[in-house]
Amino acid sequence: MKCHLNPFHQVAVATTIFMSVVACDRSSPPESGQPASPTKKLTSVTLQLNWVPEPEFGGMFAAVHDGIYADEGLEVEIRKGGAQVPCAQLVASGQVQFAVVSGEEVLTLRARGGAIVAVFATFQQNPTGFLLHASNPIDSLEALWTSASTIGIDPGLPFVQILNQKYGGKSLKLVPYSGALATFMASPEYVQQCFITAEPVECQLRGLATKVLPISDVFNPYGAVIATNETTIRDNRPMVEAFVRATREGWRRYLKSPEVYNPTIARMNPSMTIEAMNLAAKLEAPLIIPQSEGSLDGESSIGRMTLERWRITGEQLVQTGVMTAVGTVEDAFLKVDSAPH
Amino acid sequence: MSASHVSLAFRRVSRTFPGGVVALNDVSFSVPAGGLTAVIGPSGCGKTTLLRIAAGLDRATSGRVELIPKSILKDGAVHFAGDRKTSVCFQDPRLLPWRSVIDNVALPLELAGIARADRMARASQVIAAAGLSDAKYRMPSQLSGGMRMRVALARALVTRPEVLLLDEPCSAVDEFTRMQLDEEIRRVWQASGATTLLITHSVSEAVWLADQIVVMGGASIDEIYQVQLPQGSRDRTSAGFLFEVETVMKLLARAAGVVAT
Amino acid sequence: MKIRSIRTVIAPAVAVVIALAAWEVAVAITGVRAYLLPGPLEIARTMWLNSARLFDASIQTAMAATIGFVIATGIGIVAGSVIAAVPVLRRALYPLATILQMVPLVAVAPLLVIWLGFGLPTAIAAATVVAIFPVLAATIDGQVSVDPGLREIFALHGASGWTRWSKLDLPASIPNIVTGLRISAGLAVIGAIVGEFVSGYGGDDAPLGIVVMSAMREARTDLVFGAVALCAVVGFALFGLVSFVGWVLVRRWHSSAVDPSGEKS
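Chains as they are written, first to last, in this note's numbering: chain A, 1 to 341; chain B, 1 to 261; chain C, 1 to 265.
These are computed hints drawn from the structure, not numbers from a lab.
Careful: at least some of the hints might be erroneous.
[Claimed, not checked] Label pairs and their calculated CB-CB ranges:
(1) A44(C) - T146(A): 37 to 45 Å
(2) T146(A) - R91(C): 56 to 64 Å
(3) V25(C) - Q142(B): 45 to 53 Å
(4) V21(B) - I99(C): 54 to 62 Å
(5) A22(C) - Q142(B): 39 to 47 Å
(6) P263(A) - D56(C): 49 to 57 Å
(7) L241(C) - G113(B): 30 to 38 Å
(8) V14(C) - F176(B): 20 to 28 Å
(9) S44(A) - G203(C): 16 to 24 Å
(10) G149(C) - Q125(B): 45 to 53 Å
(11) V32(C) - G168(A): 46 to 54 Å
(12) L105(C) - V21(B): 49 to 57 Å
[What the hints assert, rightly or not] If you only want the chain C side, here are some residues facing chain B, beta carbon under 10 Å, derived:
(13) L41
(14) E42
(15) D141
(16) G149
(17) L150
(18) L156
(19) A159
(20) T163
(21) K167
(22) A172
(23) I174
(24) G240
(25) F244
(26) V250
[Stated by the list, open to error] Covered stretches of chain B, as calculated for chain C (at least 3 residues, CB under 8 Å):
(27) 51-59
(28) 96-106
Just so you know, even glycine gets a beta-carbon here, dropped at the ideal spot from N, CA and C.
Just chain A, with the same shape it has in the complex (with noise of 0.2 Å):
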């Protein structure tokens, strides 16, 4: 497998968005004594989204719109996903170079032969959850596992087996999630999987009263990351961290004043509104941005991961059946440091 393979354009629900970051024209000769000038020939990379654009995918937006990826050499294609993309496995087999995916799929596919990597943890806490209606009296996870709603999540998440496990779940009603808020909206009862994010802002945004119980107390992977393949490390380490640093920076500046490139996104989901964009970002930021950091200004280190993170889930992984085997979790993510080489 090499590094650039042609788009992949089997996928019919991905539509493909291109989004130019070329800063000058490209054929001009480079300018002598300036070898950083942008005039240089740029790396082309894909980037695949699991989602539609929204705020969780924030930082890459802005790394295009600043011309962060350009700085870096890269000229970088971001592409919409959606519920049925196959995203660990298209970046796993090479069709594209990076895809946004769950650290549990990383794990899972590695388990399966996919040499998928994970370089970059956008989210530091897991962003997932149940949201609830505010009436509803169920108010944890262990009273939600104990209950009979019905509730909209996709076959096969691995924390159904985690909370299966530790509190039974028998008379729970577990349907497909829509992707939607319509079934939600329509029942008190309902209780449906959540981005933290997404749902509850869009539901604020309408008025609706609603309550998020994270599930990231019993199973907290690294819920958004953004992978690659073992191929294009080994023939690419350079251009894989430049867009690991790339991308932080994005994500630096994103958080910092989210407004600015919020416009950019919704051009390419116009089923969200920017105010809805702006509420995300803020709700987003205290799950991305390390603890240890206290302000965005200066040497981040957003994006970054612990061995012993990734052993936890790969060992949850096991407990639940999934895998086998928690097998080399070192060789599942790759470190980058934050200085360019």
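Chain A is already provided as a structure; the job is to place chains B and C on it using the hints.
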């Protein structure tokens, strides 16, 4: 069964199709009670239209068809009595392919609301008379073309009609089968005593079966010929038979405008 | 239709065996990763290890597909007969039915959830929705093309509309209806699975649609293939059953099964 007391009379029957094609123009003749009249003529001369009007499947533009003593059709209007005065047998057998022979033969009785045991008994009788008992429970697809026509004839007879309308029943079978079918038609006619109208394009068939032959040319009658041979002793190879055939052939040729006589 | 002919059974069976063998060999030679394309032996092993779960799932899906298929058959034949009998309705509704057929089920399925709720009802409804059209169209086609000669036989005997329908139009259109039903049978299974994608209950007795989604999420491609194979088995079983019943119904027509009159008029 005793001979029919009903004669079938066409009184100045005309039929013009939408678009102006004249199928029948002022046709008058009658089939005497218990007689067999054959109508011959070139293709498209309106023979079949004549039969369809008599059967009530088409309407005369003017004129009437009468069953004497009882009129069933007045000025083209259909008056079907509950009793089946007439039966039709078409040039194709028109059997229901999903029904056995006996169920096909019993169909008219079934549609008339006759109880199953009763209609099966009556159908069996007709089938036996036609020599089809061995094929009683066979399906139409398992029968030869000639046998299917005999089933169709049996179906026409099961309602014991006073008037039998036969529309070229032998047109789709080979010469040998045709002779056998003609024997069957004669048997049926004589056994039922029905007043019979036979549409045919075969002169020899008409001469062999009929006592009266209506020769049509264009949309009107050219000649009404009384066959000069006694019923019951007609021999297709006799000189008298061949002479009759030749005579009718000449009439037909004149009607068709092929030969001047 | 000679479904008992040995050749018609052996030839496809051999083709399937050869295809599976080629697949296994190709997977072994190219060394393609199992999460992308597992070999048939791997899939068979997974199916064996998960046989209880897959069996329950197949029963669930087969039930939804069969019930949907039966409802579609009933609605299709009744509505098709009415539409065929009334020319005005035929002109008015036939284009509408054709347009409805073009509506993608995937787009309608979420609405079915809102109307009917989760679980079996939506899967049944989805199966019904996709299975109706072929039966409806076949019924209409079969009944408008009944031999006019046979119609005349019934007209001569003063048969009522109902009598003509029950004794002529319906039996005469059975070969058409059976053809339509064979298409509907396969579609009903697809419909049921699409319905399950949006409404199926998870848990121990999850239907095939949920097993597929769940295995996909867990990157268990072998299990995805196993579940998909069982979807095909359920579809084939329903198709086979319909074909057999159809064959029993029309076998005595023989050649006339194609042309219900059996004769050219």
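Hint check results:
no.: 1; hint: A44(C) - T146(A): 37 to 45 Å; result: holds (39 Å)
no.: 2; hint: T146(A) - R91(C): 56 to 64 Å; result: holds (59 Å)
no.: 3; hint: V25(C) - Q142(B): 45 to 53 Å; result: holds (51 Å)
no.: 4; hint: V21(B) - I99(C): 54 to 62 Å; result: violated (40 Å)
no.: 5; hint: A22(C) - Q142(B): 39 to 47 Å; result: holds (46 Å)
no.: 6; hint: P263(A) - D56(C): 49 to 57 Å; result: holds (50 Å)
no.: 7; hint: L241(C) - G113(B): 30 to 38 Å; result: holds (37 Å)
no.: 8; hint: V14(C) - F176(B): 20 to 28 Å; result: violated (48 Å)
no.: 9; hint: S44(A) - G203(C): 16 to 24 Å; result: violated (45 Å)
no.: 10; hint: G149(C) - Q125(B): 45 to 53 Å; result: violated (26 Å)
no.: 11; hint: V32(C) - G168(A): 46 to 54 Å; result: violated (40 Å)
no.: 12; hint: L105(C) - V21(B): 49 to 57 Å; result: holds (52 Å)
no.: 13; hint: L41; result: violated (48 Å)
no.: 14; hint: E42; result: violated (50 Å)
no.: 15; hint: D141; result: violated (18 Å)
no.: 16; hint: G149; result: holds (5 Å)
no.: 17; hint: L150; result: holds (6 Å)
no.: 18; hint: L156; result: holds (6 Å)
no.: 19; hint: A159; result: holds (5 Å)
no.: 20; hint: T163; result: holds (7 Å)
no.: 21; hint: K167; result: holds (8 Å)
no.: 22; hint: A172; result: holds (8 Å)
no.: 23; hint: I174; result: holds (7 Å)
no.: 24; hint: G240; result: violated (23 Å)
no.: 25; hint: F244; result: violated (18 Å)
no.: 26; hint: V250; result: holds (8 Å)
no.: 27; hint: 51-59; result: holds (count 3)
no.: 28; hint: 96-106; result: holds (count 3)
Of the numbered hints given earlier, the model fails hints 4, 8, 9, 10, 11, 13, 14, 15, 24, 25; all others are met.
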